[in-house]
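**Q** Chains as they are written, first to last, in the working numbering: chain A, 580 to 938; chain B, 40 to 310; chain C, 436 to 1097; chain D, 853 to 1209.
Since the hints were derived computationally from the structure, they do not count as laboratory data. Beta carbons: idealized from backbone N, C-alpha and C, even for Gly. Don't take every hint at face value.
[What the hints assert, rightly or not] From the derived model, a few chain D residues whose C-beta atoms are all more than 12 Å from chain A:
1. I900
2. P902
3. G1009
4. S1182
[Said to hold, decoys possible] Residues on chain C that point at chain A, a partial pick, calculated with CB under 8 Å:
5. R465
6. M733
7. K740
8. F744
9. V779
10. G781
11. P782
12. G788
[As the list claims (entries may be wrong)] Label-pair restraints from in silico Cβ distances:
13. A:L621 - C:I777: 22 to 32 Å
14. B:A133 - C:M730: 47 to 57 Å
15. A:P937 - C:I777: 17 to 27 Å
16. B:G56 - C:V534: 39 to 49 Å
17. C:Q443 - A:L613: 48 to 58 Å
18. D:R1084 - B:G56: 49 to 59 Å
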Amino acid sequence: MFYREAGQFKSTYAADMAVFPIRQDRIGLAIILLIAFIGIPLIGNDFFITSVMIPFLVFSLAAIGLNILTGYTGLISLGTAAFMGVGAYACYKLTTAFPGVNIIVLILVSGLFSAAIGVLFGLPSLRIKGFYLAVATLAAQFFLQWAFVRVPWLFNYNASGAIEVPQRLLFGIPVTGASASPETRYFVCLCLVIVMTWFASNLVHGKIGRSWMAVRDMDIAAELMGIKLLNAKLLAFAVSSFYAGVAGAMMIFLWYGGGEAADVFNIRLSFNILFMVIIGGLGSLIGSFFGAAFIASLPTIMKFGLPALGVPMSGATAEHVTFMLVGALIIIFLIVEPHGLARLWQIGKQKLRTWPFPY
Amino acid sequence: MNAEPMNVSGSPLRDEGEVLLAVQNVSLRFGGVKAITDVSFDIRKGEVRAIIGPNGAGKTSMLNCINGFYQPQEGQISFKGQRRDRMKPHRAAAAGIARTFQNVALFKGMSTLDNIMTGRTLKMKRGFFWQALRHGPAMTEEIEHRRVVEDIIDFLQIEHIRKLPVGKLPYGLQKRVELGRALAMEPELLLLDEPMAGMNLEEKEDMCRFILDVNQQFGTTIALIEHDMGVVMDLSDRVVVLEYGRKIADGTPSEVKADQKVIDAYLGVAH
Amino acid sequence: MASASVGQADTFPKLLLRNGRERGARVAFRHKDLGIWQSWNWAEVTEQVRGFARGLQNLGLKRGEKVAIVGYNRPRLYWAMAAAQWLGAVPVPVYADSVADEMAYVLDHAEAVFACVQDQEQVDKILSIAERLPGLRHMLYDEPRGLRDYDHGKLHAIDAVIASGREDLTASPEAAAALEREMLAGKGSDLGIILYTSGTTGRPKGVMLSHTNVITAAEIGCQFDGLNESDEIIAYLPIAWVGDHVFSYAQAIVAGFCVNCPEGPETVIDDRREVGTTYAFAPPRVFETMLTLTMVRMEDAGRLKRGMFHYFLGVAKQHGEKILNGESVPLGGRLLYGLGDILVYGPLRNRFGLTKIKVGYTAGEAIGPELFKFYRSIGVNLKQLYGQTEAGVYITMQPNGEIRADTVGRPAPLVEIRIDDNGEVLYRSPSIFGGYFKDPEKTAETMTADGYVRSGDAGFFDEEGHLKIIDRAKDVGKLNSGDLFPPKYIENKLKFYPNIKEVVAFGQGRDYATVALNIDLTAVGNWAERNNVVYASYQELAGHDLVYDMIAEHVDEVNRSLAAEPLMGGAQIKRFLILHKELDADDGELTRTQKVRRGFIAERYAALVNALYDGSQAADISTEVTFEDGRKGVISANVKVRDAKTYPVSAAERPVPARAAA
Amino acid sequence: MSDVAARPAPNLLANPWIKAGLIVAGLIAAAMLGARLDGSGTLYKIFIDPFDQMAAAPDLLAQTIWEGLVSGVLYALIALGFVLIFKASGVFNFAQGIMVVFAALTLVGLHEKGVPAWLAVILTLGVMFLLAVAIERVVLRPLVNQPDIILFMATFGITYFLIGFGESVFGGSPKQMIADQLYLPKGAIDLKILGGLVSLQKIDIAAAIIASVMIAVLALFFQYTRIGRALRAVADSHKAALSVGISLNQIWVIVWFTAGIVALITGIMWGARSDVSFALEIVALKALPVLILGGFTSIPGAIIGGLIIGIGEKIGEFYWGPLIGGGIESWLAYFIALGFLLFRPQGLFGDKIIERI
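Input sequences plus hints: build the corresponding full structure.
**A** Written out as structure tokens, the structure is:
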């Protein structure tokens, strides 16, 4: 309905290969960015920013990471939370060791550690496939989770076993630690997520993304194109874990602000991120955002929304009902649209483009 | 000629063109099952070579040996005069061997364009860093290869499906896209496994024309498996006939057609 | 006015050079090829054409020789016209879908020495008739696919010719100077182009137009609608047709706007949408197809959406045209229309690729008033024009604010019109042709001594001074009763129904009027699907009783409307039938511009025509047909004939001969 | 061979087992040699000391193996549920673990509400049947022909739903299994063997026996009943099953119900050993490495895999765990499975992976 594509033609391949070839989409994206950068900090209160927006951003990044692995390369992983944990602990160790280095740099570098661990646990992916591989990634999940508790070096031997997030400044403004304002943390998250989404989008739209999808769709034929399966899969593991690691570091440093990290990065978080990817849409970056918004905001909506609607509920009951609803919604979504919210979005967009025609 | 003469049918071989690929005494077994037994033949540069035979004759297995999916237990295969043992498919690809499959093996979730673009993977040199930026050299490279791919799309007349996901295309078009993907590799040797299986007459004629055009216009050497004898006779310069994993004839189409063993083999399976 | 604004540039090559100089960086041509719109700006085009001209010169093309141009709308074929004109040679565009025999006639008659063709298909076609064309010296092609192994002794790739020409020019300044002189030697009064008209009868005639003729015509159009270099047009009509030549070649060069060549004939709609043309030209058939597709698609939409769609179309019908004409409309209507614009009209225009349209023209045939009003009501400034090849296209045009569905407007600027005693429209202007090529006899028949051209159409001016065309002058006949019988008028009334694709009316010298018609397979097929009518072929659907019922309703409505018009009331349709096969240009039943060849059809389907008049309820017929691949076959059928109801003529006075009007 | 072609796995030496054996043997020899020569004692602690301990206290080793055996039986039971469903419907049923908890919770919950024990068992079976029907109707039928991963995710949905549902109805606090009411034995038998005392819990013995009986019954069911044969047919080919004349929907209900029965029995046994709570969910994940080992489609594989994992992780935890801080039970199972997997990607008893080209 709002699409006026007449007159939008491509006279170069660069324009034809753009990620957003339609002008109206670019305008929409610009509006979303404006809202994210200006609207939300202006309108949102601290609660909204810390409990809704920052979690959403962190989960989006983690979901993008998993989507690269599962959606684009077709390798199921149940260990995302552990790779996030590696990022968090690496960042903690790094900022302790190099207190002078910019925290943003450290967050990104900690992703590299996560990537290395990811490659290590991705090695079996050459020989094992499908669910077997999924179970293999559980080894990473449980081993790393164990290590977070049992290897005191990781948490600097402190008595609580928790990560203590120190205060770090960026341009003189506290970004991490107790005195960092929610807005600051939100902006840092937002910028990181935008930049990393851009990189991810570049990767999946180019040669590397095509090799990943080729491996996913038909590995035999991919090999024939000269794609080395092990390299492609390990690269997917590395990039995926890098994203997870950065998300993990962001989670502890910019969202939780410290705490019993080992409990946070549990298997249920891994599952939740897998949900985000599936509900959002496999093989779709925008779907990762949808999925993260859906899964991350559902419990918050239940917790605060139902009482607001006049449904009285104790905290525990609310939690149980939330579980039930999440379960039911997952099934409903899979039935209604197995290809996820991204596909629904695409269909909706297509409808708008062909409006008023049905096709 | 670096392969020994292997003229089973007894007719003189055309002594022209250098040998591109030589298969020598190759045998392949799966457990106790013999798929190929002591087969030798060669493929000369620039020719269209057909491999025919009844079902289960080991034709596809032969192709799989050539591009490295299978490791034959005995015998050897040399490509461009170089003997290669323990070939890997991706190395075969790098050496210049491309392939299509009997049951279309396209990347179903990708568009026609992307499918054919994967054929260019080996020729794209920009590394991870530039890929992540998708600007500058990476984009220049991408555009450069897109041009090549567009020429192939134009050549195969599949412009209208350029941006459609291949999974939902009609079978005949999928076969065409698969040929396009193989062509994008600019192979020296193109292996086609039943390129016309399941096509209607018109599609078959189109495909025949494309195959001949590829052979003539790009000078690509082609080895193809095909059941339709008419097609084989029209297209190929030389034919090798397999039955139960053994070679029973080798020669020009007319020689092969006259061969008693071939006639028996084909009468036996009623084609 | 003619050449004043153009100054010294009185030929197309000179104008091209001017464009290269004055707007060198503006895009001149686009062609959807290899996935994107390949573009050339005026400077590049000038260089290409210059090189092309030199290349042609090297191949031996001389002043006054003819160059046949065959193919779909491709930049290089347009350049070929300019390159030929550069050397003073005369381009002769030929319909690309002509069968070999037709092409042989035109190429032979035009004495073409060169042929610039699109692809292998055309090369093969011309090679197949080569022995009939002894004068043809060289053939140039645009698309090399499949031509690699052809003997290139007399065959050249256009790109290679251009490249060699450019090389030559850079290498030798003398050659460049000589080429420049050759171009400057051209005058506006020189023969610029020969356009062969398909003609409803007989062999095609070569209409000779000078540079001045065409440039004047182009200027008339550009000034009338304020076209300038920022406009965009899509070139998709046959290049041999005067409309395309004036719109996509002459006006583009005169005004300096951009010509967009679609990827292929089947992608025109998508390509038009991508480009978003600001200026469009299409025969009514194209608009009709778009509307039919729209309505068919909307049938598949959900109830709510369909309801909304039709509601807003109603709103548009009420207010749309008035708003477009700048008349006063109540605020409520304006607001409602504004909402409709967001919800329906805007998206519709977008789907049609008409979002940016400044002005659109329909010509070639009468357009249905409903169809015409529909496009205008949704905000497309669609106009009619009445034109002919012999006129260099324009005869009458509709000025803004004076647009009627049933007239073709006022005389175009510089055009004088007079109505003959027998009702025939005669016109005179600086852009009229110089005669038929090698046919002084026909030329004399068509041109009067005082310089007027006989249009061959019967018409009259209404009280506002707008011309109204009834039919071909020679086709307006009489029934035995003495009542007027305007076949085309009847045919058009029926063709305005989306279910009806082609109509042939009979009645000349008969007791009453009858029609034979084709249903529209898309529209009726869709109707059949919704009504569970099972059919396997066109023939089966056409013979279906329910289809006959539906068509009978349309015929009945036409009869009512005919009865309401005093002049035409006698020509009501008494009997009709639905033809068992679609009329096809390949079978010679339609002209290349898709007009019915009434006489030919009457002959070919004589058995059916007899049945229309002998009272029988059905008739057997077998017809030879040509399939797409050139094979021939015979289809036979038993075609039903239906009677239709007629109405008393309402008007006060009995028919007065139409020709008396004026 | 031209149509379906088996692609042999890349051969690691001539026979992967031989090669692996040689490498392992070599490593052990090198390690033991190194341990004897190593001054710091680290290698000694890893490679010598545990074996010394085993030899020194064989009763402890026996006790450890028994413990492992028992938890292995329980793992195997959960894995059995997985295998049943995977074989018949190709669904990787992630919810099997939660079905165990849910069944046990229902049983205990019903009894708490005053329902007699045996009636509660029957009612619970009824609930499991309803659950099977509901899953078939609501989840499987609408999702038929979807890719495996979608069905896999749907079982996640079932898991979440059951957790929420179970907790809403029965509350989230841990509960005691009604072992006495079900006449399950209590106490332990102490065996004096191997120069020490080995204590065998009666409930564990009962678990082993019941598990064996159940497996035997299942085997008979598959072998000798019409439905059983149909189920096996389904595992081979859906079309074949349809031609037998049993609808796929019925088969799915039966299979899920069977898995529900297995879940109930597992739940009772497990609940009797510890308590009934959703913490079991994580433990139930242990069935996954068992599946890897045994293969997704093999019932004997599930049993043997369960025993290997159970015994392996107990021994590992007891003898080597303390070296690196203990608690390695949480991941050891996965590493054991991974180790096997690298040599047999299809599991111990899984079908050979055949790739069509």
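**Q** Hint by hint, say whether it matches the structure.
**A** Structure-based check of all given hints:
no.: 1; hint: I900; verdict: holds (24 Å)
no.: 2; hint: P902; verdict: holds (19 Å)
no.: 3; hint: G1009; verdict: violated (3 Å)
no.: 4; hint: S1182; verdict: violated (5 Å)
no.: 5; hint: R465; verdict: holds (7 Å)
no.: 6; hint: M733; verdict: holds (7 Å)
no.: 7; hint: K740; verdict: holds (6 Å)
no.: 8; hint: F744; verdict: holds (5 Å)
no.: 9; hint: V779; verdict: holds (6 Å)
no.: 10; hint: G781; verdict: holds (7 Å)
no.: 11; hint: P782; verdict: holds (5 Å)
no.: 12; hint: G788; verdict: holds (5 Å)
no.: 13; hint: A:L621 - C:I777: 22 to 32 Å; verdict: holds (29 Å)
no.: 14; hint: B:A133 - C:M730: 47 to 57 Å; verdict: holds (56 Å)
no.: 15; hint: A:P937 - C:I777: 17 to 27 Å; verdict: holds (19 Å)
no.: 16; hint: B:G56 - C:V534: 39 to 49 Å; verdict: holds (43 Å)
no.: 17; hint: C:Q443 - A:L613: 48 to 58 Å; verdict: holds (54 Å)
no.: 18; hint: D:R1084 - B:G56: 49 to 59 Å; verdict: holds (57 Å)
When held up to the earlier numbered hints, the structure conflicts with 3, 4 and fits the remainder.
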